[in-house]
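Engineer: Residue numbers (our numbering), protein chains in the order written: chain A, 22 to 214; chain B, 22 to 214.
Any given hint could turn out to be false.
Any copy, or any two copies together, can satisfy a pair, since identical chains are not distinguished.
[Unchecked claim] Okay, derived cross-link-like pairs now, DSSO-like style, lysine-lysine, Cα gap no bigger than 27 Å in a straight line:
id: 1; residue 1: K41; residue 2: K63
id: 2; residue 1: K34; residue 2: K144
id: 3; residue 1: K63; residue 2: K34
id: 4; residue 1: K40; residue 2: K63
id: 5; residue 1: K144; residue 2: K174
id: 6; residue 1: K153; residue 2: K174
id: 7; residue 1: K34; residue 2: K201
Don't read these hints as lab results, they were simulated from the structure.
2 protein chains.
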Amino acid sequence: MNALDRLITLLSKLPGIGKKSAGRIAYHILDSSPVLAQTLAKELSGLHQAIRRCSVCGGFTETDPCAVCSDPARDKSLICVVECAQDMRIIEEGREFSGVYHVLGGLIAPLEGISPANLSIDKLISRIGGVKELIFALNPTVEGDTTALYLQKTFKNYPVLITRLASGMPVGGNIEYIDKLTLSRSFRGRVKI
Amino acid sequence: MNALDRLITLLSKLPGIGKKSAGRIAYHILDSSPVLAQTLAKELSGLHQAIRRCSVCGGFTETDPCAVCSDPARDKSLICVVECAQDMRIIEEGREFSGVYHVLGGLIAPLEGISPANLSIDKLISRIGGVKELIFALNPTVEGDTTALYLQKTFKNYPVLITRLASGMPVGGNIEYIDKLTLSRSFRGRVKI
Numbered sequence: 022m023n024a025l026d027r028l029i030t031l032l033s034k035l036p037g038i039g040k041k042s043a044g045r046i047a048y049h050i051l052d053s054s055p056v057l058a059q060t061l062a063k064e065l066s067g068l069h070q071a072i073r074r075c076s077v078c079g080g081f082t083e084t085d086p087c088a089v090c091s092d093p094a095r096d097k098s099l100i101c102v103v104e105c106a107q108d109m110r111i112i113e114e115g116r117e118f119s120g121v122y123h124v125l126g127g128l129i130a131p132l133e134g135i136s137p138a139n140l141s142i143d144k145l146i147s148r149i150g151g152v153k154e155l156i157f158a159l160n161p162t163v164e165g166d167t168t169a170l171y172l173q174k175t176f177k178n179y180p181v182l183i184t185r186l187a188s189g190m191p192v193g194g195n196i197e198y199i200d201k202l203t204l205s206r207s208f209r210g211r212v213k214i
Numbered sequence: 022m023n024a025l026d027r028l029i030t031l032l033s034k035l036p037g038i039g040k041k042s043a044g045r046i047a048y049h050i051l052d053s054s055p056v057l058a059q060t061l062a063k064e065l066s067g068l069h070q071a072i073r074r075c076s077v078c079g080g081f082t083e084t085d086p087c088a089v090c091s092d093p094a095r096d097k098s099l100i101c102v103v104e105c106a107q108d109m110r111i112i113e114e115g116r117e118f119s120g121v122y123h124v125l126g127g128l129i130a131p132l133e134g135i136s137p138a139n140l141s142i143d144k145l146i147s148r149i150g151g152v153k154e155l156i157f158a159l160n161p162t163v164e165g166d167t168t169a170l171y172l173q174k175t176f177k178n179y180p181v182l183i184t185r186l187a188s189g190m191p192v193g194g195n196i197e198y199i200d201k202l203t204l205s206r207s208f209r210g211r212v213k214i
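Let the sequences and hints guide you as you build the complete structure.
Structural biologist: What follows is the structure, given as structure tokens:
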């Protein structure tokens, strides 16, 4: 296998990149100035040294604690529990949430061998003092629901309000194309106007 | 901008990768073992050194001339003219064509400042001795049509058969959804059965 084939094989293993896209990207890099390839190579080789886990929330950061955890303006009594660091980034981009985060590092999935012990739950318990509300921002999937239920049981004896992101029709959605489960949740979670 | 943001920005400039996909890929690399990032970095940094242009056809190769040009089993009297090295790869994967290639390095596009002088046409003229057929495997677009017409005029006084890939309905296509131009070409290029 030559250098080009090796690069295409590597690229096609990245999420969302098939064999055709990998080919297109590899040829684009080859057609471009070597500066692009070198810059990408430099960023990739330095990535794991530059970025570490925040010792408080578990998100990715260059400084420890991370920018969110060390920001005095953020409300430390409000913890948003997310599956992974990327979800934290997406919520941050929404600029809606003013509290802090806790990254679980996965969702409970017995079939994939992920049990509560594999998640950062003990860490969350250690942060619970002074916290008024835990918001579960977990995917509305079987794994997300299972994890939310488990966490709810874990924290039921703590004086903390437990909430979950609303599940329902996406804005701009169409009742005609919505699945039954989402429609059912939209009804159960209906709000007074 | 931190290392993660820089990587996401770089990735989102690659073809077919938007900001969301770039984020997903960057987090995937960060979540994976550093070996993935290091291997990718190594391949990228060595890419332009390992891969050069074939001095005969202009395709990308590790050895010069390339595997196709140096294969005694390939029919050197049959040249398939393609826009870029990637098209050559795609045709090779089809295992249908037994001749050799010539990479133009683009298509004539006056609006983008690409004139015949920017393409590898002189090189093609220098290869024409002994060639029986030139197959234009160019995209059926305005640029592809313009380039095919230009090349046809260039080679009209040479004793060489000039052909072009058939344009028409894709296999598995549906007449209902085909555009008028393609349908018109399908009619004009109809074949006896």
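Engineer: State for each hint whether it applies.
Structural biologist: How the hints compare with the structure:
no., hint, result
1, K41 <-> K63, "both (25 Å within a copy, 22 Å between copies)"
2, K34 <-> K144, "neither (32 Å within a copy, 38 Å between copies)"
3, K63 <-> K34, "both (20 Å within a copy, 16 Å between copies)"
4, K40 <-> K63, "both (24 Å within a copy, 20 Å between copies)"
5, K144 <-> K174, "within (16 Å within a copy, 74 Å between copies)"
6, K153 <-> K174, "within (17 Å within a copy, 79 Å between copies)"
7, K34 <-> K201, "neither (34 Å within a copy, 39 Å between copies)"
Violated hints, in rising order: 2 and 7; the structure is consistent with all others.
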